[in-house]
Amino acid sequence: MREKILTFIEKNSRIDLKELAIILGVDEVSVANELAAMEKERIICGYHTMIDWSKTSDEKVTALIEVRVTPQRGQGFDNIAERIYNYPEVQSVYLISGGFDLMVILEGKTLRQVSQFVSDKLSTMDSVLSTATHFILKKYKEHGTILDGPEKDERMLVTP
Amino acid sequence: MRNPLSDKVVEIQPSGIRKFFDIVSEMKDAISLGVGEPDFDTPWHIRDEGIYTLERGKTFYTSNAGLMELRQEICNYLKRRVNVTYDSKSEVLITVGGSEGIDLAFRAMINPGDEVLIPQPSYVSYLPCAVLADAKPVVINLKAENQFRLTKEELLEHITPKTKLLVLPFPNNPTGAIMEKKDLEEIAQVVIEHDLYVLSDEIYSELSYKEDHVSIASLPGMKERTILINGFSKAYAMTGWRLGYACAPKVIMEQMVKIHQFAIMCAPTNSQYAAVDALKNGDEDVRVMREAYDQRRRYLMHRFKQMGLECFEPYGAFYVFPCIKEFGMTSEEFATRLLNDQKVAVVPGTAFGECGEGFLRISYAYSLDNLKEALGRMEIFIHKLREEKNGKA
Numbered sequence: 000m001r002e003k004i005l006t007f008i009e010k011n012s013r014i015d016l017k018e019l020a021i022i023l024g025v026d027e028v029s030v031a032n033e034l035a036a037m038e039k040e041r042i043i044c045g046y047h048t049m050i051d052w053s054k055t056s057d058e059k060v061t062a063l064i065e066v067r068v069t070p071q072r073g074q075g076f077d078n079i080a081e082r083i084y085n086y087p088e089v090q091s092v093y094l095i096s097g098g099f100d101l102m103v104i105l106e107g108k109t110l111r112q113v114s115q116f117v118s119d120k121l122s123t124m125d126s127v128l129s130t131a132t133h134f135i136l137k138k139y140k141e142h143g144t145i146l147d148g149p150e151k152d153e154r155m156l157v158t159p
Numbered sequence: 000m001r002n003p004l005s006d007k008v009v010e011i012q013p014s015g016i017r018k019f020f021d022i023v024s025e026m027k028d029a030i031s032l033g034v035g036e037p038d039f040d041t042p043w044h045i046r047d048e049g050i051y052t053l054e055r056g057k058t059f060y061t062s063n064a065g066l067m068e069l070r071q072e073i074c075n076y077l078k079r080r081v082n083v084t085y086d087s088k089s090e091v092l093i094t095v096g097g098s099e100g101i102d103l104a105f106r107a108m109i110n111p112g113d114e115v116l117i118p119q120p121s122y123v124s125y126l127p128c129a130v131l132a133d134a135k136p137v138v139i140n141l142k143a144e145n146q147f148r149l150t151k152e153e154l155l156e157h158i159t160p161k162t163k164l165l166v167l168p169f170p171n172n173p174t175g176a177i178m179e180k181k182d183l184e185e186i187a188q189v190v191i192e193h194d195l196y197v198l199s200d201e202i203y204s205e206l207s208y209k210e211d212h213v214s215i216a217s218l219p220g221m222k223e224r225t226i227l228i229n230g231f232s233k234a235y236a237m238t239g240w241r242l243g244y245a246c247a248p249k250v251i252m253e254q255m256v257k258i259h260q261f262a263i264m265c266a267p268t269n270s271q272y273a274a275v276d277a278l279k280n281g282d283e284d285v286r287v288m289r290e291a292y293d294q295r296r297r298y299l300m301h302r303f304k305q306m307g308l309e310c311f312e313p314y315g316a317f318y319v320f321p322c323i324k325e326f327g328m329t330s331e332e333f334a335t336r337l338l339n340d341q342k343v344a345v346v347p348g349t350a351f352g353e354c355g356e357g358f359l360r361i362s363y364a365y366s367l368d369n370l371k372e373a374l375g376r377m378e379i380f381i382h383k384l385r386e387e388k389n390g391k392a
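Protein sequence lines correspond, in order, to chains E and P.
Read in numbering that gives the first Met the number 0, the first sequence has 21 at position 22, and its numbers run on one by one without any break.
Read in numbering that gives the first Met the number 0, the second sequence has 375 at position 376, and its numbers run on one by one without any break.
In isolation and in its complexed conformation, chain P is listed as follows (with noise of 0.2 Å):
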């Protein structure tokens, strides 16, 4: 029989955190630091408008690019937050959840070879997404001491003459990075004078703690670079309506559209119309969520210092990404090790990307009693491998 399968698929390897996924999943009554969602439920009045519009029979598809007075409540949103002025019309599209933007974005822009810039630690999908869309990936790997922000620096040594696109994911996931408006300002200058294109990946921009979060759109010269990726799964707590939204120039809009068009058809109809009454009615929810995320984060940062475990203070999403190099043993050794002594899943950095390598990803979307007891068993096992350490040194 023939070979039924597409070798740049099969050469492209699962993602990490499947891996340490199915070990977790056999562990009974693990607690879990592991996950990338929101603990909140949906606030009930964005539900009971999907139940209320179910009742009325809107089941539908809606229009490829989405219901227009969605995308009218997301321009003016974004203009509300971020302050940039997208056009509902032509320049935002309405997709599956944050993921099938980047997945557009990549597939409507790039010819094969044009290199795409990563940063790691980052989001499992980019660096695939690239391969599937024909990229050729280049990953910059972000420094802790760099609070693992994109340095201009860095930024400039791995742009050549095929750099075309670079992803910019802050707040970012795992290591809740923020780029703050001045970070910004140096990228967007060197993007400029190298003609790139930047797709920024907005979708914890709500979850910012030291201020409101600056997107690099809304910087002079750089909306007509920008690929805007936002969404409503992490802001909202809607992770599983899968709904997100992308906003580009028009050139590269009607190109995303297109793929949309044929591969999706449209975003689910019922989640499009609770996104909007998220969007006109959910800010105080937001705030309250925000304001939860940061005592949590605050604590959190405590009980590092508490236990000497030596981690960057995050300013964003709702992650923390410890070192754990004293130990001298891998991030998956160490995250194995803490599931099998404490019942703890955390999930090791390396899931993110080789730079990830001696950290962990400790989310803190989990309620102040649930932290507290994962941390006093992390704060065990952390003293046992002292002690080991102590006694063979």
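Just chain E, same shape as in the assembly (with noise of 0.2 Å):
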């Protein structure tokens, strides 16, 4: 049940408990009690809003930022990755395979912003090696919605 009710809140979180429990064809205390239990072990991790700022008046960058660290005795990438995540704009940070070592996503106001918390920030930090910054002209799609795709049904009214 856990499968199914992830798979479907992923895509739509609004829906109402009630309607949830419809249309997975299980009673509604159940489908709570298993949406608490997963919010406690935080296998849910928050409901938030996909947003394409792009279309709002407010003015946003976004970098991808490929960063070389040295891995510490005893810690590994992890302390790196915490001293980096702390800062709030900060969106995401991957540990990746291949050519760099964590894959930084960053949002700014200004373009003057990001390149200062590159300088200023990121790049001095001890154990970071080299970065290389990667601003974001365009979003097509994030979190597996297309984000300009018309929804336009192209169907006859009624076919046999």
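Just so you know, the hints here were simulated from the structure itself, not pulled from any lab data.
These numbers were taken from a predicted model, which means no experiment stands behind them.
Heads up, some of the hints might be wrong.
So, partial list: chain E residues that the calculated Cβ filter (under 10 Å) puts toward chain P [as the list claims (entries may be wrong)]:
(1) Asn11
(2) Glu18
(3) Ile21
(4) Ile22
(5) Leu23
(6) Leu128
(7) Glu150
(8) Asp152
(9) Arg154
(10) Leu156
(11) Thr158
(12) Pro159
Here chain E is said to cover these stretches of chain P; the calculated rule only asks that three of the stretch's residues, wherever they fall, bring their Cβ under 8 Å from a Cβ of chain E [claimed, not checked]:
(13) 13–19
(14) 32–39
(15) 295–303
With a cut-off of at most 20 Å between alpha-carbon atoms, the simulated PhoX-like pairs for lysine-lysine come out as follows [said to hold, decoys possible]:
(16) P/Lys209 x P/Lys88
(17) E/Lys10 x E/Lys59
(18) P/Lys27 x P/Lys163
(19) E/Lys151 x P/Lys342
(20) P/Lys209 x E/Lys3
(21) P/Lys371 x E/Lys151
(22) E/Lys108 x E/Lys120
(23) P/Lys18 x E/Lys10
(24) P/Lys151 x P/Lys161
(25) P/Lys151 x P/Lys163
(26) E/Lys151 x P/Lys27
(27) E/Lys17 x P/Lys371
(28) P/Lys27 x E/Lys17
Think of the CB as a built atom: it goes at the ideal place given N, C-alpha and C, for glycine as much as any other residue.
With the hints as a guide, dock the two chains, each given alone in a separate frame, to form the complex.
Structural data, given as structure tokens:
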């Protein structure tokens, strides 16, 4: 049941409990219990809203930053990752296989703000060897949702 | 001038659904629950394969029976899903949609006057195609109290010495009814005893919500009596690709291929390549779509219950078939008034046979949001009707 609940609410967390129960064919109390349990276990970490900020008047700049670091004895990458992710402007931090170590996704109000973070905060950390910053020019798809996809039903109104 | 037309064709009634379509098309901003095709786009990997083969210039005819690779994949699929073994060389034909297979089977098997049993309510093509093949169609009216399944007794009642072929359209459009293994076993027994053949239209086979679909061809002694029709439209959301297939014993298949060869040549090459990819890599897509339909099905049943609308629980396809007899009007009247009053289009049950009178076909090949809006309007309409009725009384 957990998988079914998660698959559904991953795309639509606003559905009310009663409807969710009907749709999944289970009773409301068990859905509520499972949700509560998964929140407690941090399987469900929040109910966020997906926003295409580019359509608002709010300017935002997003950058993907490749970071190469020296892992620390006994700590691996965790310590340095923590020092980075504690900055509120950092949206995501991933440990990555391949040519670099950490992928940092950063959101700022302006290019300058982002560059300043990279040059002042990130590159100056002791274990950071190098960084490469890529600014996002346009978002096509995020979290499995095509941002500009017009939802038009092309089907005829009645078919056999 | 001489009469240019064939009497046989002129006598065939145009599809009732067509008539309703014309009414609906004139209604601007109507929301529809009248569609008989999936709302999903064809999964991208399948479309991508289609594009790729176009780019590679694979745009020639295929052999009459279809790409060998596709026929082999169909055999693998049928073995995997319904446990029937077909020979890809002699028992499988790729057709232009499932509909072509239905037409071919009738034409290959019927001699003038042979009787074809057609359970109704059912898809609109069986009866006219049977007539075009010079069969005598014999309608079996299915009943709501049997959840619109075909029972052994109903079948026996309609068999005469001239009966040759039984059409078995399950999971069913428009009722959503299914035939479970135990139901099929009873039918198979009668079929064998009376030396009949079965045209099993299994186009909705992947959309079964109670248990995995069972093909009558998988029952002992039935493969040699069954023409199995299936296709890609419903399971893989590929309606516009026009691709289906028929599987039949070699002696029937040879004749079906002959007609197909002269009338069609071969199914669209591009669609055939895309379909190979669908069968090889599409199982997960089918599962995801089935789950989405099942969710909507539960939601719809719940709403009907709330509205107090009588409806048996359908376990297949993407239709529900609620009963509207309490309102004392015909299906067509109800559908027309619902359309005019609330701008919701549904299909009158009578479009699928006379015994569909008093029922509506409601499709849930729509997003949940869409269904919610449409059902909300339907609920308002129903309350209005009930108030009218009580006011009169």
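Now for the hints, and whether the structure bears them out:
{"no.": "1", "hint": "Asn11", "verdict": "holds, 8 Å"}
{"no.": "2", "hint": "Glu18", "verdict": "holds, 7 Å"}
{"no.": "3", "hint": "Ile21", "verdict": "holds, 5 Å"}
{"no.": "4", "hint": "Ile22", "verdict": "holds, 4 Å"}
{"no.": "5", "hint": "Leu23", "verdict": "holds, 7 Å"}
{"no.": "6", "hint": "Leu128", "verdict": "violated, 39 Å"}
{"no.": "7", "hint": "Glu150", "verdict": "holds, 8 Å"}
{"no.": "8", "hint": "Asp152", "verdict": "holds, 7 Å"}
{"no.": "9", "hint": "Arg154", "verdict": "holds, 5 Å"}
{"no.": "10", "hint": "Leu156", "verdict": "holds, 4 Å"}
{"no.": "11", "hint": "Thr158", "verdict": "holds, 5 Å"}
{"no.": "12", "hint": "Pro159", "verdict": "holds, 5 Å"}
{"no.": "13", "hint": "13–19", "verdict": "holds (count 3)"}
{"no.": "14", "hint": "32–39", "verdict": "holds (count 5)"}
{"no.": "15", "hint": "295–303", "verdict": "holds (count 4)"}
{"no.": "16", "hint": "P/Lys209 x P/Lys88", "verdict": "violated, 34 Å"}
{"no.": "17", "hint": "E/Lys10 x E/Lys59", "verdict": "violated, 24 Å"}
{"no.": "18", "hint": "P/Lys27 x P/Lys163", "verdict": "violated, 46 Å"}
{"no.": "19", "hint": "E/Lys151 x P/Lys342", "verdict": "holds, 18 Å"}
{"no.": "20", "hint": "P/Lys209 x E/Lys3", "verdict": "holds, 17 Å"}
{"no.": "21", "hint": "P/Lys371 x E/Lys151", "verdict": "holds, 18 Å"}
{"no.": "22", "hint": "E/Lys108 x E/Lys120", "verdict": "holds, 16 Å"}
{"no.": "23", "hint": "P/Lys18 x E/Lys10", "verdict": "violated, 38 Å"}
{"no.": "24", "hint": "P/Lys151 x P/Lys161", "verdict": "holds, 18 Å"}
{"no.": "25", "hint": "P/Lys151 x P/Lys163", "verdict": "holds, 16 Å"}
{"no.": "26", "hint": "E/Lys151 x P/Lys27", "verdict": "holds, 15 Å"}
{"no.": "27", "hint": "E/Lys17 x P/Lys371", "verdict": "holds, 14 Å"}
{"no.": "28", "hint": "P/Lys27 x E/Lys17", "verdict": "violated, 34 Å"}
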